[in-house]
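2 protein chains.
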Amino acid sequence: MKYNPLHQLMNPESIAIVGAGNNPMKMGTMQALSILKDGYGGKFLPVHRKDKTVLGHTAYASVLDLPETPDLAMLVVPTDQVIPLLEEFGKIGTKHAVIISAGFRETGPEGELLEERLKETAGKFGIRFLGPNCIGLLNSQLSLNMTVFSHTAPPGILGMASQSGTYVTQTFPYLKSRGIHFSKAISVGNEADIDIVDVLEYLGEDEETRAIALYIEGISDGRRFIETAQKITPYKPVIAQYVGGSTAGARAGASHTGSMAGPDYLYDGAFKQAGIIRVHSVEELYSHGWALATLPPLKGGRVGVVTNSGGPGTAIAHTCDVYGLEVPAFSEELQQQIKTHIPAVASSANPVDLTFFLNSRVLSSLIPELIIESGEVDCLIIHGAMSSGMMKEVYPHVREALGNIALDDLLATFKQDISTAASMPGKNDFPVVISSFFGREDSFTAAYQDQNIPVFDSPEKAARGMASLLRHKEIRERGKITHLPLPVKSTEAEKIISQALQKGQKALDEYSAKKIMALYRIPVTSEKIANSADEAVETALLLGLPVAVKACSPQIMHKTERGLVHLNLKQTDEVRQAFNSIKETAGEGTPVIVSEMVKGDREFTAGMTRFPGFGPAVLFGLGGVFTEALKDVTFRIAPLGLTEAQEMAFDIRAKKLLCEFRGMPAADISAIGEILQALGTIALLHPQVAEIDINPIIIRGNMPVVVDALVVIE
Amino acid sequence: MKYNPLHQLMNPESIAIVGAGNNPMKMGTMQALSILKDGYGGKFLPVHRKDKTVLGHTAYASVLDLPETPDLAMLVVPTDQVIPLLEEFGKIGTKHAVIISAGFRETGPEGELLEERLKETAGKFGIRFLGPNCIGLLNSQLSLNMTVFSHTAPPGILGMASQSGTYVTQTFPYLKSRGIHFSKAISVGNEADIDIVDVLEYLGEDEETRAIALYIEGISDGRRFIETAQKITPYKPVIAQYVGGSTAGARAGASHTGSMAGPDYLYDGAFKQAGIIRVHSVEELYSHGWALATLPPLKGGRVGVVTNSGGPGTAIAHTCDVYGLEVPAFSEELQQQIKTHIPAVASSANPVDLTFFLNSRVLSSLIPELIIESGEVDCLIIHGAMSSGMMKEVYPHVREALGNIALDDLLATFKQDISTAASMPGKNDFPVVISSFFGREDSFTAAYQDQNIPVFDSPEKAARGMASLLRHKEIRERGKITHLPLPVKSTEAEKIISQALQKGQKALDEYSAKKIMALYRIPVTSEKIANSADEAVETALLLGLPVAVKACSPQIMHKTERGLVHLNLKQTDEVRQAFNSIKETAGEGTPVIVSEMVKGDREFTAGMTRFPGFGPAVLFGLGGVFTEALKDVTFRIAPLGLTEAQEMAFDIRAKKLLCEFRGMPAADISAIGEILQALGTIALLHPQVAEIDINPIIIRGNMPVVVDALVVIE
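Just so you know, the protein sequences line up as chains B and W, in that order. Positions 1364 to 2077 (the numbering used here) are the ones given, in order, by the first sequence. Positions 1364 to 2077 (the numbering used here) are the ones given, in order, by the second sequence.
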């Protein structure tokens, strides 16, 4: 195993705990009990000021009294004791800590200061720590559970990093009943030292972890988050829920762990860029994460559906379709094979609907294997395999008619070779998910779960779970994301910007803005400043009529409304008139720009904005008057590789406009990608550029041309 | 109770069953057992050719041997016996039947014929029946369960009509474990006689049913469906899932019950028009249906959130925001009151986050009541109330430390007055939903469920459930939908259409199309046919320059591409040139139209298409080149009341374009609504009009003007 700074913290050979006592209903004690009772094999060293023993183990009066240096210190103490205790652990040489105590940055300015001091103390001794304000960690391979809930489930293969402690402790029973098991689960709390990105990196390297789930309220270093994820996602699926992107969500998150949230669209773009599958509920985070961890990768998007029931079959087929999976009708040949095993009124097309039919073997293995062998689909969804769950339901009805049989005898009578049936998916190394209205009270559901076959509790969920596997296929196929080194900074661009700043400007004039674009190889309209009406006419003739004549000053707002923009001038007279009219309206000193008219029916917008934690983000979207009305825009974080930039262009609802459309050729997607990359480059090379707003980019023929641009500087 | 034809079928005093025997693992027998064992108090009359008794009851050798006329006949027999048996029941005077047997229209053309004969037989005797190919019905008030699964849950208040039998039988255990209880549940099968609309109407009148859930694969009479629903939805919530709108879903549905599906967008529009809340999974159908049935109506959209845990609180707040609910920060005053009851590090803003805190009373009643009293929110979501569920989890850890206490004693020690806490929502007549990761194994969850408080198994689901209540508030507030009688048919329009049909035209020319629009008071461009270049110029001057000059013939396709459309002609010379050029290109005989140019930056599309089962549907959407690329369109079924037409206009993503926008005034929404109404009128009065496609409607100032229209006739 590759060395990762978290490896030691996750695999301590000894743990000292401060804050555990002998009252089992107190949090620290509950956490100590989890360590002691759930199978951890390392040393347990409680520190207690008064009690000589804690939970039957020798306790030490202070950290300095410990008989050895523990690998890991765990603090569940009042806020004001955290720093002094960490100092003591530092002195005895402990290098890792888990700080459960709350009361730091999540409580406001004073707490922030305290958290800074905590970081200084840890830094002084080279201590790496989780928290504060976290619930601890679970390493199921070590049977090490430091949380408040007991963890009795077997070791799993889904890794979890969470900015909420609840999701790695209070949900243990929920997960166990659904057959979902963690490899490692880590509550990051306030992330004063180790943050969720560190944990992501660790889980990416952890061999027991086959997929990673992230619960996120806010990311403090967006760029590192994306880069870390991009290294993992081409081979190991990463799935995330983000809840900080709304007003209420951001406020709740801030008071929860003091996290800094950003707009939903920013995270949405960052996830796509990072190759992270996004879900919108914790249920999907767990259940799709589990499907991604347990199933072999999808090779294609064709789904076979086998059910005992028309409704769920139809719902699965419909949901597959909505989420981009295909449910193809089976070949006549395959249907003939299937027909020999099912009732006459049943349907052999896809979905196969056995109708109400009690032979579970046909449903759960015989027909699925026929379908798998046919090669006609890439995965299977099975609904309706049931045994003891149903029998327990009908038992009160049939008991008497069956000679007052005992329930256990009834179950035995109808016992199928369920474990064989449930092992079918694994035997064929084929992606199969199960939909069942029964939980573990049914022997089929339990057998599937025990063999790591994902079971969803309703049909649509099974289909959506499979769709997450399709998303991962797309992510795998885009391969490694590469970035070229940034180009050299343009000194001419730098000069334009600093001169404007020196003049006190808040924004560049249109001419200078486009000049900067051009210096970074963004195609812009040909244009020139005209100092007289004659010069305007001269330029117009040089560019070729028709032209546009516009006032060019960073101070003038609402140019169009004030009549300072004259478009589509076809005659030299009109050019002259426009020039004079602008000078009259806006003043003799206002520069006038003469610009070629760009013809094209497709208009887009692009731009750049900076976000705390993420730095410059590039925007692309539908342009013209529709930008505001349709809000069809997408974001990515700079710098952008070419793949990322092109994916971005196609990530708008109006993406059809980029393809061949109503007699117009497909837009040159590389050229658009290069514009988006260049916007990122400008932002990274020129920190004085606060914001760029290009609207429109017109597609002339197949090539994009920037027609108007605003560059805000500071 | 008002008389409804289904009332008798749902409340039989005696039931004869054919197809039940003494083998309890056969379907008919299982259904007979459900009748006998689940508490039905009426007479049970089995018909069996050989056995003298069935399940301990006297059996009769044939229908004609029955000692009395049963209220209801139930048939669970091979397909070919259905019609002869129904005939016999007809002869003895039975007026209601439930036909479980399959093998009719869902199997293809032969089955369709058989189903026709079945209908004839029933018609001959005036028998109303459910099925064939259904699973029966449940009337929980009578304890009458005719399905294959046992039903031991108490009578409920959610009515269910389903085109899948599974959803009113195989999900009984699923529903019981989630505390969701049906008033009536009806499987409609192939709907040869009684269809889902009849059941909807019945449940609308049924006093025990407080909300109605519909599982739909296809509706055969869309207009009646909408009208029936519109009478119910202003006071009783109706919620529906539709799965027939995709290729795979439609194919699956057809082989399931032979239902005729339509495109998803058609049903989406029909649901909105009908005031039906749409959901996309059976889980939401049940759980939102239950919340709608049990909770008092929402008075506003402000939500209070109380949790023991930051993650779920943040997720609830975020999800509320996404679904249109508001989570406002509480006033300082209310926060001060809350703070006195919670730990210092906990948050008193909204969400209130108690952090890990074991006092359930504070979480589940004390703080909620403070919030309810404040009047600052309209509903509450509570997450984290738990008791025995958690205790059972931690018991293995704490047992020893608590002197080897027995689990029951531990539970007793920590027993809270849960039933009082759980009765809080009802006591305050205030909408409250619960989120809990524990099911009924936790005493809190069970107590809530037993008091009809909806419990969702994860935070986001609770928020989405509440959002369905908000949808119902909007539906209630739109009030009764009224329709004016259709206007008188225009004989002039009729003449234009029949003349075109006589000439063998497949479509009207543009001039005639707009003429028809104008006859139904749709505002169109002023225009005239010009018979010579001089006339064209004359018309142009009359209309005022600039004008458009276009070829006007139903035969010519791709007019723009062929240079037969000349726009924005500013000078008489240009008009003359355009006229001559069209005659040259398209032939002397081609009529030429001279039309005013309509100025306006906002373009919409509207139209009409006919759908099997639904008749004419009206379309509205974003127009111009974007129609195809953005597919931002919405449908409604004709005729449209003004409310429906105006709701429709605002049901597009680009609805902002209809409001004040970039210096343009708000579009006249009544005028747009009248166009949409008129399109429905034309379709209903002129069945020869197969299709109408208007694109664009330009907003001139604030008024819509139809600029181009295609009318397809047949």
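Everything labelled a hint here was simulated from the structure, so no lab data went into it. Check before you lean on any hint, since a few could be wrong.
[Unchecked claim] With a straight-line Cα cutoff of 20 Å, these simulated PhoX-like cross-link-like pairs (lysine-lysine) come out: (1) W:Lys2019 / B:Lys1994; (2) W:Lys1994 / B:Lys2018; (3) B:Lys1994 / B:Lys1891; (4) W:Lys1413 / W:Lys1389; (5) B:Lys1539 / W:Lys1413; (6) B:Lys1843 / B:Lys1594; (7) B:Lys1755 / W:Lys1539; (8) W:Lys1962 / W:Lys1994; (9) W:Lys1389 / B:Lys1755; (10) B:Lys1389 / W:Lys1778; (11) B:Lys1389 / W:Lys1994; (12) W:Lys1635 / W:Lys1389.
[Claimed, not checked] FRET-style restraints, in silico, Cβ to Cβ: (13) B:Gly2064 / W:Cys2022: 29 to 39 Å; (14) B:Glu1840 / W:Gln2051: 47 to 57 Å; (15) B:Gln1371 / W:Lys1790: 46 to 56 Å.
By construction, the Cβ of each residue, glycine as well, lies at the ideal position given by its N, Cα and C atoms.
Hints and how they fare:
1. W:Lys2019 / B:Lys1994: Distance ~10 Å between Lys2019 (chain W) and Lys1994 (chain B) Cα, so the pair holds.
2. W:Lys1994 / B:Lys2018: holds (11 Å)
3. B:Lys1994 / B:Lys1891: violated (33 Å)
4. W:Lys1413 / W:Lys1389: holds (16 Å)
5. B:Lys1539 / W:Lys1413: violated (51 Å)
6. B:Lys1843 / B:Lys1594: Between Lys1843 (chain B) and Lys1594 (chain B) the Cα gap is close to 7 Å, so the pair holds against 20 Å.
7. B:Lys1755 / W:Lys1539: holds (14 Å)
8. W:Lys1962 / W:Lys1994: violated (24 Å)
9. W:Lys1389 / B:Lys1755: It holds: about 16 Å lies between the C-alpha atoms, which stays within 20 Å.
10. B:Lys1389 / W:Lys1778: With a Cα-Cα distance of about 17 Å, the restraint between Lys1389 (chain B) and Lys1778 (chain W) holds, given a limit of 20 Å.
11. B:Lys1389 / W:Lys1994: Violated: Lys1389 (chain B) and Lys1994 (chain W) sit about 58 Å apart, past 20 Å.
12. W:Lys1635 / W:Lys1389: Violated, because 42 Å separates the two Cα atoms, which is more than 20 Å.
13. B:Gly2064 / W:Cys2022: 29 to 39 Å: holds (35 Å)
14. B:Glu1840 / W:Gln2051: 47 to 57 Å: Because 52 Å falls inside the window, the suggested range holds.
15. B:Gln1371 / W:Lys1790: 46 to 56 Å: About 54 Å separates the Cβ atoms of Gln1371 (chain B) and Lys1790 (chain W), which means 46 to 56 Å holds.
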